[in-house]
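Undergrad: With the hints as extra help, turn the sequences into a complete structure.
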Amino acid sequence: MSLMQSPMPWLLVIPLAGATLTMLLPDRWRSAASALGILSQLVAALLLSYQVIQSGPQIYAMGNWQAPLGIALRADGLAMLFILMSALVSSLCALYAQSYLKAEKRANFWPLFWFLWASLNGIWLAADTFNLYVGLELLTLAAVGLVAFAADERSLEASIRYLYAALLGSMGYLLGVALLYGAHGTLALDSLAEHWHWGPTSQVAVTLIVGGLLLKTAVFPLHTWLPPAHGGALTPVSALLSALVIKASFYMLLRFWIELDIYRHLPSLSQLLGILGAGAIFWGGWMALRQQHLKWVVAYSTVAQIGYMLLMFPLLTAGQSDASQLAYQGGILMLLAHALAKAGMFLAAGNLMICTGKPDLQALAGMSRYRPLTIFAFGLAGVSLMGLPPSGGFSAKWLLLQSSLLSGQWWWVVVLVLGSLLSAAYIFRVFAYTYRETGEEGDRFARPALSMELTALTLSVASILLGFAAMLPLQLISLPGPLMEALP
Amino acid sequence: MNEMIDWLLLLGLGAVAITSLMSQSIFRAVVFFILLGLLLSLVWIRLDAPDIALAEAVIGAGITGILLLDTLGQLKKTGKLTTEPSPSRARLGLALLASLTLVGLLIWAVLHQPQPAIALHQQVADALPESGVDHPITAVLLNFRSYDTLLEIGVLVLAVLVGLTLQSKDAPPDSLPGLPNPLLHACLTLLIPAMLLTAAYLLWAGADRPGGAFQAGAMLAAAFILLHLSGTRLSPRRSEFLMKAGLVMGFGVFLAVAVSTLIGGRPFLTYPDGSAGMLILLIELALTLSIGLILLSLFTVAHTPAQLPGKRRQDEQ
Amino acid sequence: MSLLEWLQGGLLISGALMFLVGSIGLVRFPDTFTRIHALTKADNLGLGLIVLGLIPASFSLSITLKLLLIWLLVMLASALSGHLVAWEARAQQVPLRQPGETENPEGTHE
Amino acid sequence: MTLIYGTTLLILLGSLLVGVIRVLRGPRLADRLLAAQLFGTTGVALLLILAELQQLPAARDTALVLALLAMLAAVAFVSRVWQTGTEREETK
Amino acid sequence: MSSDLIFTFGGIGLCGLGLFGFIYHRHLLRRLIAFNLFGNGTFLILVGFAQQGQGNSDPVPQALVLTGIVVAVAATALALVLIRRWFQLKQATELPEDSQS
Numbered sequence: 001m002s003l004m005q006s007p008m009p010w011l012l013v014i015p016l017a018g019a020t021l022t023m024l025l026p027d028r029w030r031s032a033a034s035a036l037g038i039l040s041q042l043v044a045a046l047l048l049s050y051q052v053i054q055s056g057p058q059i060y061a062m063g064n065w066q067a068p069l070g071i072a073l074r075a076d077g078l079a080m081l082f083i084l085m086s087a088l089v090s091s092l093c094a095l096y097a098q099s100y101l102k103a104e105k106r107a108n109f110w111p112l113f114w115f116l117w118a119s120l121n122g123i124w125l126a127a128d129t130f131n132l133y134v135g136l137e138l139l140t141l142a143a144v145g146l147v148a149f150a151a152d153e154r155s156l157e158a159s160i161r162y163l164y165a166a167l168l169g170s171m172g173y174l175l176g177v178a179l180l181y182g183a184h185g186t187l188a189l190d191s192l193a194e195h196w197h198w199g200p201t202s203q204v205a206v207t208l209i210v211g212g213l214l215l216k217t218a219v220f221p222l223h224t225w226l227p228p229a230h231g232g233a234l235t236p237v238s239a240l241l242s243a244l245v246i247k248a249s250f251y252m253l254l255r256f257w258i259e260l261d262i263y264r265h266l267p268s269l270s271q272l273l274g275i276l277g278a279g280a281i282f283w284g285g286w287m288a289l290r291q292q293h294l295k296w297v298v299a300y301s302t303v304a305q306i307g308y309m310l311l312m313f314p315l316l317t318a319g320q321s322d323a324s325q326l327a328y329q330g331g332i333l334m335l336l337a338h339a340l341a342k343a344g345m346f347l348a349a350g351n352l353m354i355c356t357g358k359p360d361l362q363a364l365a366g367m368s369r370y371r372p373l374t375i376f377a378f379g380l381a382g383v384s385l386m387g388l389p390p391s392g393g394f395s396a397k398w399l400l401l402q403s404s405l406l407s408g409q410w411w412w413v414v415v416l417v418l419g420s421l422l423s424a425a426y427i428f429r430v431f432a433y434t435y436r437e438t439g440e441e442g443d444r445f446a447r448p449a450l451s452m453e454l455t456a457l458t459l460s461v462a463s464i465l466l467g468f469a470a471m472l473p474l475q476l477i478s479l480p481g482p483l484m485e486a487l488p
Numbered sequence: 001m002n003e004m005i006d007w008l009l010l011l012g013l014g015a016v017a018i019t020s021l022m023s024q025s026i027f028r029a030v031v032f033f034i035l036l037g038l039l040l041s042l043v044w045i046r047l048d049a050p051d052i053a054l055a056e057a058v059i060g061a062g063i064t065g066i067l068l069l070d071t072l073g074q075l076k077k078t079g080k081l082t083t084e085p086s087p088s089r090a091r092l093g094l095a096l097l098a099s100l101t102l103v104g105l106l107i108w109a110v111l112h113q114p115q116p117a118i119a120l121h122q123q124v125a126d127a128l129p130e131s132g133v134d135h136p137i138t139a140v141l142l143n144f145r146s147y148d149t150l151l152e153i154g155v156l157v158l159a160v161l162v163g164l165t166l167q168s169k170d171a172p173p174d175s176l177p178g179l180p181n182p183l184l185h186a187c188l189t190l191l192i193p194a195m196l197l198t199a200a201y202l203l204w205a206g207a208d209r210p211g212g213a214f215q216a217g218a219m220l221a222a223a224f225i226l227l228h229l230s231g232t233r234l235s236p237r238r239s240e241f242l243m244k245a246g247l248v249m250g251f252g253v254f255l256a257v258a259v260s261t262l263i264g265g266r267p268f269l270t271y272p273d274g275s276a277g278m279l280i281l282l283i284e285l286a287l288t289l290s291i292g293l294i295l296l297s298l299f300t301v302a303h304t305p306a307q308l309p310g311k312r313r314q315d316e317q
Numbered sequence: 001m002s003l004l005e006w007l008q009g010g011l012l013i014s015g016a017l018m019f020l021v022g023s024i025g026l027v028r029f030p031d032t033f034t035r036i037h038a039l040t041k042a043d044n045l046g047l048g049l050i051v052l053g054l055i056p057a058s059f060s061l062s063i064t065l066k067l068l069l070i071w072l073l074v075m076l077a078s079a080l081s082g083h084l085v086a087w088e089a090r091a092q093q094v095p096l097r098q099p100g101e102t103e104n105p106e107g108t109h110e
Numbered sequence: 001m002t003l004i005y006g007t008t009l010l011i012l013l014g015s016l017l018v019g020v021i022r023v024l025r026g027p028r029l030a031d032r033l034l035a036a037q038l039f040g041t042t043g044v045a046l047l048l049i050l051a052e053l054q055q056l057p058a059a060r061d062t063a064l065v066l067a068l069l070a071m072l073a074a075v076a077f078v079s080r081v082w083q084t085g086t087e088r089e090e091t092k
Numbered sequence: 001m002s003s004d005l006i007f008t009f010g011g012i013g014l015c016g017l018g019l020f021g022f023i024y025h026r027h028l029l030r031r032l033i034a035f036n037l038f039g040n041g042t043f044l045i046l047v048g049f050a051q052q053g054q055g056n057s058d059p060v061p062q063a064l065v066l067t068g069i070v071v072a073v074a075a076t077a078l079a080l081v082l083i084r085r086w087f088q089l090k091q092a093t094e095l096p097e098d099s100q101s
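Chains as they are written, first to last, in my numbering: chain A, 1 to 488; chain B, 1 to 317; chain C, 1 to 110; chain D, 1 to 92; chain E, 1 to 101.
Just so you know, the hints here were simulated from the structure itself, not pulled from any lab data. We treat Cβ as the ideally placed atom computed from N, Cα and C, and that holds for glycine. Among the clues, some could well be false.
What the hints assert, rightly or not - Here are the simulated distance ranges between beta carbons:
hint, chain 1, residue 1, chain 2, residue 2, range
1, B, F241, A, G199, 50 to 60 angstroms
2, E, P96, C, S58, 54 to 64 angstroms
3, E, P96, D, L24, 29 to 39 angstroms
4, A, L289, D, L17, 50 to 60 angstroms
5, B, A117, A, I53, 26 to 36 angstroms
6, A, H197, B, F241, 51 to 61 angstroms
7, C, L72, B, I263, 42 to 52 angstroms
8, A, H197, B, G265, 31 to 41 angstroms
9, B, G274, D, L17, 50 to 60 angstroms
10, B, A98, A, D322, 36 to 46 angstroms
11, B, F241, A, I53, 37 to 47 angstroms
12, A, V417, B, G265, 48 to 58 angstroms
13, D, G14, B, E240, 49 to 59 angstroms
To be verified - List time: in silico BS3-like cross-link candidates among lysine-lysine, alpha-carbon distance up to 30 angstroms:
hint, chain 1, residue 1, chain 2, residue 2
14, A, K102, A, K358
15, A, K105, E, K90
16, E, K90, A, K102
17, A, K102, B, K244
18, A, K358, A, K105
19, B, K244, A, K105
20, C, K66, C, K41
21, E, K90, A, K358
TA: Structure follows, in C-alpha cells:
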C-alpha cells in the first residue's frame, strides 16, 4: 500500500532490511530472502520510474523535515536510469553469484551485497552533499569488503590499496563539503544551487570535491588501485565493481558539474578532465594490451572506458546548447553501455577461467570450440566496448563524435577513433588466444553452470540491444527537472 | 588571555601532530597520536563543541589508541619487524608538493569566506520543540538528519561484518591470556561498574545535554575491552547467533522504527506525534549496546592466527 | 578579591605547579621506578589541589561530588597503571639507577 | 578570577610540553607510557578548569570519561605490547 | 582572532600534515595515522569555518562531525583488521610498490 504511493524510501528499506536479515537468517533462508528482496526491488524501481515518467521529478523529505534542515531524496530521470541500471546488473550478478559461490561463502556475501545495493540507491537518490559522503563511505566499505572476500594474499593487497585510495578520496570530498557549508550555510544541493556564490572558497571547494571524486572513480593517473581490485576480486564482485561502483562517484561528479554550474565557471577544469580522459583511454588501452591475466585485461579496459565517459565534460560548454545536449546524452549512454558490457564481459571471463582453471590468456586455447556460448557473450560485450555498430557503445560514441564536431573541438574525434582502435586490438588479442589449438592436452575443461553462462549472455546482449533502443534511456534522462534546466 | 591559550594549544597540536607523523619509532608515533586525541578534545571544548570533545576523548584517547597499540603488539609478536624502506626522493617531493598546494588553497579559501546565505542553526532552534529532545545536537542526529545516522550505523555494522568475513570459522579464540595481576582484578571490580554507570549516564544525558548513543556505546566498549584484556571473555563463539544479533540490533531497531511509521502511511524516519522522545531513547539504548559490541568485536576479531592462504579455486563453484 | 578567591587562586596555581614539578621529575629522574613516583605525586596531589580550588567556584553539591569522583578515579587509575608498569618492569628486570647515572641511549642495557 | 584560571591553564599546558620530552627521550616503552599517563591526568585538570572558565559543564563529563579511560592504555600496553615481544627496536 | 578562526587554521595544518604523511610513508600504520590526522583536520575546518561564518556555535556541523568521527573510526578499525591479516600472511607492514603485472 505504502509501496504503491511512495516507492522511493522502499528502494533503501528493502536492501537495508535485506542486509540485516541475511546476517541473521539461517543458511537455507538466506538465498530465498535475497531472491524475494531482489524481486521487490525490481517492483519498487519500476513503480518509481512510472511515477517519474507520469508526474515528473519526485522529492521525498526524510522524516518529514524539509531540506535544508532535513535530508531530501530526489528522483529525476537521470536517477531513475541509474536505479534501473543497478537493479538489472545487481540482480543478474546475484544470480551468477548464487551458482558461483559455495554455500558457506554465500553466508557473508549476501549482507555485503545488500549493503552495496543500498548505498548505490542511496547515492542515486541523494540530494544532500553530506548524505552523499556517508553513502559514499558505506559504498566504499561494502566494496572493500567484497574485494577482501576471497581472503587470499592478492585480494587482501588489492583491498588495502583500494581502501586507502578510497578513504583519501572521500576525505577530500568531505573537505570540499566543509568549505561549501562554511560559505553557503547549507548542505542540500538544491539550496546550494539556489544561493550559489562563486568566489575563492567555492572554487577551492569544487576543486577538492572534483579531486576526491576523480580518485574514487579511478581516473588516470589516479587509477593504480583499480586493476588489482577489479582484476583480483571474485568474478561477480568484479562485475559489480566495474559496472556500478565506480559509476557512483562519476554520477556525483556529473551532478555537481551540471547543477552547480561548474562548466560555466571553470572551463579550464573541463579541458583538464578531457585531457585526463584521453590519457586514460590510451594508457588503459595500452596496458590492457600488455596483460597476461584475463581479468586484468578486462580491468584495464575499465580504466580506458572511464576515459570515454570523461570526454563529455569538455563538451558541456556554455553557449553551445546542441553540442552540450549531445555530449550529455552520449556520455550517459556510454556509461550505461559500459555497465552492461563490462558486467557481461567480467562474468564471461569468469566462466572462461572456470573452464580452464587458470587465469592466464595462454590457457584459453581451444576455448572457442568448447564454450561457444561464453565466447559469444564475451564477443558481444567486446563489440559494445569497441563501439562497433549496432551496439550501445557505438551509439554513445557516435553522439560524442557529433558533439565534438558541432562544438568545433575536433581533437576529441581523434581520441575517440584511436581509442576504439586500441580497444579493438586488446579484445581481438583475447580472441586470438581462444582460437589457438594446442591439441596435446585434449579438452579437459571444467563446465560452468548454465545459469552462469546465461547471465553473462543476457548482459552482453543487453549492451548490444541498447544500440537499437537508445531512445528509451535518452528520453528518460531528458525528462524535465532541475538537472535539465541547468544543462547548457 | 583566551587567545594565548588558543595559540598555545595550536602550537602543541602542531608539534604533537608532526612528531606522531615523523617519529622514528612507530610506538612513539602511536603514543603521540593518543596525545593528539587528548589535545583535540581540549580544542573541541574551546570551539564550544562539548559533544565532539566527549566523543574525541572516548575515541581518540580510548578506542582508536587501544586498537593501534594492540595492532602494534600483534605486529611485534609475530617476529622482528621488517625494516622500513626509506621513502624515495620522488615520494618526498610529491608529498611536499601535494600538501603545500592543499594548505595554500585552503588558506586562500578560508580568507575569502563569504557571508553564508542560510543560517541553519536558526532553523534548528526553531524546530527544536517538535523534535522530542532538548539538546540540539541529539535532535539533528536522531531526528532532522536521522537518515545520515542510520547509514552511519550501517557503516559500523559493515566494518565488523568484513572483519567477521575475514575470520576463519575454526580458528581458536584469542590466544593471549589475561593479565594475572591481583591488583588489576581488584580495581576492575570498582572500575567496571563505574564505567557502566557512566555509559548509562551519557546515554541518558543525551536528551538535554551533551552525550548520546555513540559516546555511551564507546564507553561500554571500553569497559568490554578492559574485561577482555584482563581475561574475562565475552565469548562471541559460544553463541554466534546471539553475538550477531547483538551487533545488528541497534541498526535493526532503528530501521524497524523507521519502517513502522512508513507502513502506517507517514514518511520514512518520522516519529508518531508525541512519542518522539521515547522512541529516540529506545533507539539510542539499542544503538548503545550494539555500538559497544561492535567496537569490542572489531578489537577481538583480528586476533585469530593466520589462516593459511587456501587454494583460491576452492571458493569458486 | 575576597579571601576565598585568594585561597582558590593559591590552590589552583599550586596544583598546576605540582603538575609542572611532576613533569620535570618525569624528565629528570634516572629510571622507570623513580619516574613512576614522580608521576603519581603529580596526579594525586596536583589534581587534588585543583579540585579543591574549583569546589568553591560553584558551591553545588552535584558538581562537588562529580569533581571528587573524578579525583578518586584518577587516583585509582594512576595507582593501577603505576603498579602495572612497575610489576612488568620488575618482571623484565629493568635496572635501577643512581641520580646522575645516564641511561645508555644505544640500548645495550636491554 | 579569569586571570587565575588562565594562568593555571598556561602552566598546565607548559607542563604538558615538558612531559613531551620524556616521550621523545624514552628510552623504554614504559617511560613513554608513563608520560602519556601524566598527559591524561593533566588533560583532566585542563578540562575541569575549562569547564569553569567557559561555563561549559559538559567539559566535566569529558574529564570524567578521560579519568575512566586513563588506565586503559596502560592495561592494553602491559598485556599486549610489552608481554608479547621485545622492545629492542624502541631503544634506539 | 576568534577561537574558530585559529582552529580553522589548525585544521588546515593538520590536513596538510596528514596528506603529506599519507603520500610520503609506506608503512601502513603510519599512513593510517596520517589519514586520521587529515580527518581530524577536516573536522576542525568543518566546525571552525562554519562557526566563523555564522558568528556563533552551530549544532549542525557539530552533528556532522560526530557522524564523521563514527565513520572514520569504522574505516580505521576495518583498515587495522586488513593490516593485521596482511601482516599475518606476508610478514610485511607495507604494500609492495605498484605492481603492474
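Undergrad: Against each hint, give a clear statement of whether it holds in the structure.
TA: Now for the hints, and whether the structure bears them out:
About 56 angstroms separates the C-beta atoms of B:F241 and A:G199, a value consistent with the hinted range of 50 to 60 angstroms. In this structure the hint that E:P96 and C:S58 lie 54 to 64 angstroms apart at CB holds, the actual value being about 59 angstroms. A beta carbon spacing of about 32 angstroms between E:P96 and D:L24 agrees with the range 29 to 39 angstroms that was offered as a hint. Distance hint check for A:L289 and D:L17: the Cβ-Cβ separation is about 59 angstroms, which falls inside the suggested range of 50 to 60 angstroms.
The hint said 26 to 36 angstroms for the Cβ distance between B:A117 and A:I53, and at roughly 34 angstroms that hint holds. Between A:H197 and B:F241 the C-beta distance comes to about 54 angstroms, which sits within the given range of 51 to 61 angstroms. Separation of C:L72 from B:I263 is about 50 angstroms and conforms to the stated range, judged on CB atoms against 42 to 52 angstroms. At about 40 angstroms, the beta-carbon gap between A:H197 and B:G265 stays in the expected band of 31 to 41 angstroms.
Evaluation of the 50 to 60 angstroms hint for B:G274 and D:L17 yields a pass: the beta carbon distance comes to about 54 angstroms. A beta carbon spacing of about 39 angstroms between B:A98 and A:D322 agrees with the range 36 to 46 angstroms that was offered as a hint. Range check, B:F241 to A:I53: about 45 angstroms between beta-carbon atoms, so the 37 to 47 angstroms window is met. The given range of 48 to 58 angstroms is respected by A:V417 and B:G265, whose C-beta atoms sit roughly 56 angstroms from each other.
Separation of D:G14 from B:E240 is about 52 angstroms and conforms to the stated range, judged on CB atoms against 49 to 59 angstroms. Distance hint between A:K102 and A:K358 is fulfilled; the C-alpha atoms sit about 19 angstroms from each other, no more than 30 angstroms. This hinted pair checks out: A:K105 and E:K90 have alpha carbons roughly 23 angstroms apart, not beyond 30 angstroms. At most 30 angstroms may separate the alpha-carbon atoms for a hinted pair to count; E:K90 and A:K102 meet this at roughly 26 angstroms.
For the proposed pair A:K102 and B:K244, the alpha carbon gap of about 21 angstroms is at most 30 angstroms, so the pair holds. Our distance criterion of 30 angstroms between C-alpha atoms is met by A:K358 and A:K105, whose separation comes to about 21 angstroms. Between the alpha carbons of B:K244 and A:K105 the distance comes to roughly 17 angstroms, so the proposed pair stays at or under 30 angstroms and holds. For a cut-off of 30 angstroms, the pair hint linking C:K66 to C:K41 stands: about 22 angstroms separates their Cα positions.
For the proposed pair E:K90 and A:K358, the alpha carbon gap of about 23 angstroms is at most 30 angstroms, so the pair holds.
Comparing the model with each earlier hint shows no violations; every hint is respected.
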